[in-house]
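Student: Using the sequences and the hints, build the whole thing.
Line by line, the protein sequences give chains A and B. Counting with the numbering used here, you get residues 1 to 224 for the letters of the first sequence. Counting with the numbering used here, you get residues 1 to 224 for the letters of the second sequence.
Warning: the hint list may mix true and false statements.
Since the list gives no way to pick out one identical chain from another, each pair is judged satisfied if it fits inside one copy or across any two copies.
To be verified - Result set (DSSO-like, lysine-lysine): computed pairs, CA atoms no more than 27 Å apart in a straight line:
#	residue 1	residue 2
1	K51	K216
2	K208	K116
3	K143	K115
4	K128	K66
5	K192	K143
Everything labelled a hint here was simulated from the structure, so no lab data went into it.
There are 2 protein chains.
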Amino acid sequence: MNHKQKYAIIVAGGSGKRMGNEVPKQFLEVAGLPILMHTINCFFSFDSEIKIVVVLPASQHSYWNKLIEKHSFSIQHQVTKGGIERFYSVLAGLKFTDSDSLIAIHDGVRPLVSKKTLENCFATAISKGSAIPVVPATESIRKVHNDVNKAVNRSHYFMVQTPQIFQAEILINAYKQEYDCTFTDDASVVEKAGNPIHLVEGNVENIKITRPIDLKIAEILLQK
Amino acid sequence: MNHKQKYAIIVAGGSGKRMGNEVPKQFLEVAGLPILMHTINCFFSFDSEIKIVVVLPASQHSYWNKLIEKHSFSIQHQVTKGGIERFYSVLAGLKFTDSDSLIAIHDGVRPLVSKKTLENCFATAISKGSAIPVVPATESIRKVHNDVNKAVNRSHYFMVQTPQIFQAEILINAYKQEYDCTFTDDASVVEKAGNPIHLVEGNVENIKITRPIDLKIAEILLQK
Numbered sequence: 001m002n003h004k005q006k007y008a009i010i011v012a013g014g015s016g017k018r019m020g021n022e023v024p025k026q027f028l029e030v031a032g033l034p035i036l037m038h039t040i041n042c043f044f045s046f047d048s049e050i051k052i053v054v055v056l057p058a059s060q061h062s063y064w065n066k067l068i069e070k071h072s073f074s075i076q077h078q079v080t081k082g083g084i085e086r087f088y089s090v091l092a093g094l095k096f097t098d099s100d101s102l103i104a105i106h107d108g109v110r111p112l113v114s115k116k117t118l119e120n121c122f123a124t125a126i127s128k129g130s131a132i133p134v135v136p137a138t139e140s141i142r143k144v145h146n147d148v149n150k151a152v153n154r155s156h157y158f159m160v161q162t163p164q165i166f167q168a169e170i171l172i173n174a175y176k177q178e179y180d181c182t183f184t185d186d187a188s189v190v191e192k193a194g195n196p197i198h199l200v201e202g203n204v205e206n207i208k209i210t211r212p213i214d215l216k217i218a219e220i221l222l223q224k
Numbered sequence: 001m002n003h004k005q006k007y008a009i010i011v012a013g014g015s016g017k018r019m020g021n022e023v024p025k026q027f028l029e030v031a032g033l034p035i036l037m038h039t040i041n042c043f044f045s046f047d048s049e050i051k052i053v054v055v056l057p058a059s060q061h062s063y064w065n066k067l068i069e070k071h072s073f074s075i076q077h078q079v080t081k082g083g084i085e086r087f088y089s090v091l092a093g094l095k096f097t098d099s100d101s102l103i104a105i106h107d108g109v110r111p112l113v114s115k116k117t118l119e120n121c122f123a124t125a126i127s128k129g130s131a132i133p134v135v136p137a138t139e140s141i142r143k144v145h146n147d148v149n150k151a152v153n154r155s156h157y158f159m160v161q162t163p164q165i166f167q168a169e170i171l172i173n174a175y176k177q178e179y180d181c182t183f184t185d186d187a188s189v190v191e192k193a194g195n196p197i198h199l200v201e202g203n204v205e206n207i208k209i210t211r212p213i214d215l216k217i218a219e220i221l222l223q224k
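Tutor: This is the structure:
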């Protein structure tokens, strides 16, 4: 049994433009509650002792406070302001953690992560230093490069979800690197600092809500 | 304007095992109709002159006939029996086509292909010989090989859908090759025969129904 403090840094930087919507996607109501509240609930119901840090653009803090009041949302969390890239938002969240802990970084718009995915990722991060949930590709995949496309062996490819969980020391050290535009997620930052990344089976429902179709899918899955 | 005969070979080989269901997935009822009938409807409502060939395991033909009766399904189509691999099922379907036509090969469990995707794929296949619909990857991707995994540039990767549409001559020639286990779709067969594959923008709703979650998604999208 491991008694290290757990942190969840929940990053929600969306402005809502891709959804064709004025309300940033993390605030859209699904099954009666803003998506971001569903996401926070996932972590709190997994471990009520976890410390939650929510990273939001500064311009959205007052709107978030109004939503908290409207929904009488009572789960304690620290709110801090995000940066221009996800990398800087995570850096901002890391200020509220400590170096002898386990830190999960999660997308604010993934409200469907399962308890089992959380359990498995934390367990692997405890023993191996890092853990990210992945699911197999369900379609054939083509690689396009310099206008040429070719089939690749799809059994070699996995789709990456969050939470991406790390021993704090590894993560904090990795985030001392300069920002690089190839950093698409936390695993890529930690990997570039020379650490292996361990893969864990994710749950297929753990979708990232980015397109209107995702919102419809989340609506049914959250109503269950 | 192109007046070549169009064919749709709709391949439905599923046994239903992956869905945890006794009924093969192509026969599951969604929004009041078996999935395969929704799929046939997509092609018929796109072009009522298209010739439709449905490839089904021999053991399912009588069940299919009962469903046709039950739903008074009136869209004309040829039924033929499938092979042990998708490759052989497509070969079986090709026997009902002619070499001066355009042939679309489509998954029976993709009942959500849009008219626009069909239009664009047929138009590109007419001018360029081949066309397959693709959508961009929405998640980070990792490549796993020999137990090592690494991040790849996701902007280079596209998820492949169907219909995969070809000028008949190209397709029929490609299917004269010996079966190869790397043939995951028709594009990979045509590509191996030395032909370029042209990519067309697919519609994100055009999912392949393979997992229970896909069935729920299809249920909402087809009820619209």
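Student: If a hint holds in the structure, say so; if it doesn't, say that too.
Tutor: A quick look at each hint next to the structure:
1. Taking the shortest Cα distances, K51 and K216 never come within 27 Å of each other, neither inside one copy (30 Å) nor across copies (34 Å).
2. Taking identical chains as interchangeable, the C-alpha atoms of K208 and K116 lie at most 27 Å apart whether they share a chain (18 Å) or sit on different chains (26 Å).
3. Taking the shortest alpha-carbon separations for K143 and K115, only the inter-copy value of 26 Å comes in at or below 27 Å, while the best intra-copy value is 34 Å.
4. Proximity of K128 to K66 under the C-alpha cut-off of 27 Å is found in neither arrangement, the shortest distances being 41 Å within a copy and 55 Å between copies.
5. Within a single copy, K192 and K143 get their C-alpha atoms as close as 23 Å, and across copies as close as 15 Å, so both meet the 27 Å cut-off.
Hint check: violations occur at hints 1 and 4; the rest are consistent with the structure.
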